[in-house]
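As given, the protein sequences belong to chains A and B, one line each in that order. Start counting the first sequence at 1; every next residue gets the next number (the working numbering). Start counting the second sequence at 113; every next residue gets the next number (the working numbering).
Be careful, since some hints might not be right.
[Unchecked claim] Straight-line alpha carbon distances no greater than 25 Å define the calculated SDA-like cross-link-like pairs of lysine to any residue that follow:
#	chain 1	residue 1	chain 2	residue 2
1	A	K2	B	S113
2	A	K42	B	D176
3	A	K2	A	T50
4	A	K99	B	S113
I should point out that these hints are in silico values taken from the structure, not numbers from a laboratory. Since the model is a prediction, treat every value here as computed from it, not as a measurement.
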Amino acid sequence: QKEVEQDPGPLSVPEGAIVSLNCTYSNSAFQYFMWYRQYSRKGPELLMYTYSSGNKEDGRFTAQVDKSSKYISLFIRDSQPSDSATYLCAMSGGTGGFKTIFGAGTRLFVKA
Amino acid sequence: SAVISQKPSRDICQRGTSLTIQCQVDSQVTMMFWYRQQPGQSLTLIATANQGSEATYESGFVIDKFPISRPNLTFSTLTVSNMSPEDSSIYLCSVDITVRGADGYTFGSGTRLTVV
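Chain B on its own, in the form it takes in the complex:
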């Protein structure tokens, strides 16, 4: 299955600034997904990034706050803009996989973001 490299692994940022998270996949994939994982909360899909088109955002997430780039079939970035302490979370990118006939996702190791 695909291997995902995500960076940075963690960061502490000042409120009002922006952070760009990078996600590199070792194979070409059509869709890449960005998730947020807050403490005690379920994984929440932020958006789906397709190469060559605008990302599709889930309810509650907007492009101005979470702009996404998808320049090719192996790479994507998520920017968390104008950060506030409420944005402190783990951000994960993922891709579809099929393993032993099972459909699911593989995830990067995540970016642990703390906004102070």
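Bound-form chain A, shown alone:
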């Protein structure tokens, strides 16, 4: 079993839709949870960062962590064509130290 599981998609939605991207993980010791956005032919860029459980909101983006279920989510409201990218979840901390483990990424297409 992989430490971090992420549906590769692709996920295709119309402009304006609410998008939900998810990851599950197996290491209950993870404390730091991140979402990266990667445009085609670019490196990943840090989008959201959450420590432990709870929600964090930044503009149209909301990151949610449910440690009891080992499940994290990224919600995108009012999605735009410019949101079309691959979204990677990442996590670190606990017994694995601060080594960051990445999901394989979900490819998102937002259609105008």
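Please arrange chain B on chain A, whose structure you already have, making use of the hints.
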């Protein structure tokens, strides 16, 4: 946050040859990281490069195959040696960042390597 320039952006190489990838950061950083991103796979850390010491390699990666140099605090190279088609991948360098109180990484644009 730091800006990373990575080159080449892509290359097609013959098997058995070597390719050196360069990574330049616009500020001094203690650690630089090299990752591999294969299609459909998660980002995998190859090694951590500290200036003035040997790079630290992750399980499954060895110095003979992926020698790394770190001559100063703004520059590093990764060489992919004696390449085979299985080495076809995107290679990325990265550094630690703290943005708005969040700890993470910033990445170069990557080197897309195809071995034929």
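Q.
Taking the earlier hints as the rules, which of them does this structure contradict?
A. The structure conflicts with hints 1, 2, although it agrees with all the remaining ones.
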